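Each protein sequence line maps, in turn, to chains L and D.
For what it's worth, my numbering labels the leading residue of the first sequence as 17, then goes sequentially.
For what it's worth, my numbering labels the leading residue of the second sequence as 17, then goes sequentially.
Worth flagging that the hints you see were computed from the coordinates, not collected in a lab.
Any given hint could turn out to be false.
In this list, chains with the same sequence are indistinguishable; a pair is considered to hold if it fits within one copy or across any two.
Computed list of lysine-lysine pairs in DSS-like fashion (alpha-carbon distance at most 30 angstroms, straight line) [what the hints assert, rightly or not]:
#1 K20 x K168
#2 K35 x K83
#3 K22 x K161
Please read all numbers here as calculations on a predicted model, not as lab measurements.
There are 2 protein chains.
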Amino acid sequence: MSEKSKEYYLNRAVELSIKGSTEGKGYPFGAVVVRNGEIVGEGHNQVYDSQDPTAHAEVVAIRNACKNLNTFELPDCELYTSCEPCPMCLGAIYWARISRVYYANSRHDAAAIGFDDALIYEEIPLPISERKVEMIQMDKAEAMKAFELWEKASDRGAVL
Amino acid sequence: MSEKSKEYYLNRAVELSIKGSTEGKGYPFGAVVVRNGEIVGEGHNQVYDSQDPTAHAEVVAIRNACKNLNTFELPDCELYTSCEPCPMCLGAIYWARISRVYYANSRHDAAAIGFDDALIYEEIPLPISERKVEMIQMDKAEAMKAFELWEKASDRGAVL
């Protein structure tokens with residue numbers, strides 16, 4: 017497939033956002049993953065459809081691309097999304113090693129129609145004790161043993 | 017099921033972290049979702065197993081709980097996790113409306129054995145132009161139309 021313009025890929029993401037929010041009764045967000053000019057993954061928000069709060073367009077598109085390419089990292093890929101990724105999706109982008117993101121609407125545009133993206137962006141950098149979600153650290157002796165076990169495992173290289 | 021101690025639920029999360037990293041050749045993270053004293057969702061890291069960079073323990077546990085309870089929000093639930101959630105998982109916790117999180121190992125413990133949690137926490141609050149992942153805003157006229165369409169949709173109340 018020959019490389020298209022950036023506008024082409026973004027338009028596809030927007031098209032998916034409309035498809036998701038009209039046909040699927042989902043939320044109006046869409047995304048595509050592109051590698052070497054080819055769309056290798058697509059997604060639209062499926063939170064409502066699939067009853068899965070993590071099924072944002074970017075997450076769905078990343079999962080779709082990883083499935084199609086049989087990998088869990090996409091370092092040579094770019095992501096086009098109809099709206100600036102929320103912190104969850106931004107985290108997913110980092111974990112997937114995606115190198116570049118093109119977006120259209122901003123987190124503030126999303127907030128203006130009732131989505132919490134901007135709020136979550138404000139919450140994440142806060143000290144744990146100041147967040148709206150209460151977070152309590154417990155004794156970590158046993159959990160650290162799990163980390164140590166993993167560090168010592170002879171076959172962990174296979175998964176790194 | 018009668019309510020157990022907090023240690024019981026955390027131990028189950030740690031048990032899952034060990035199970036995941038030994039049996040499944042995954043990463044050493046586990047989580048459970050608890051409602052009214054009952055474990056309603058469980059997960060261990062399946063990034064490698066399922067070739068899905070979003071399959072962190074907390075995300076898997078939240079998806080599992082939502083499936084079991086047939087909902088996309090878990091406002092009356094608590095999450096127990098063997099390690100402080102990364103920003104992606106923290107985002108998922110906010111979207112799922114989970115009210116409280118108990119954790120053992122910290123983001124710094126995770127960083128010490130090679131995971132990028134701490135790095136991603138540093139990246140998310142940065143101005144977009146200063147992040148390691150390049151983010152480029154494009155023209156948003158068409159994408160805003162998708163937001164407007166959704167705002168005007170007569171049945172959007174069904175999904176809010």
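Hints, verified against the model:
1. Taking the closest pair of Cα atoms, K20 and K168 never come within 30 angstroms of each other, the shortest separation being 47 angstroms inside a single copy and 32 angstroms across copies.
2. Within a single copy, K35 and K83 get their C-alpha atoms as close as 22 angstroms, and across copies as close as 24 angstroms, so both meet the 30 angstroms cut-off.
3. Taking the shortest alpha-carbon separations for K22 and K161, only the inter-copy value of 19 angstroms comes in at or below 30 angstroms, while the best intra-copy value is 48 angstroms.
Going down the numbered hints, you'll see the structure goes against just number 1.
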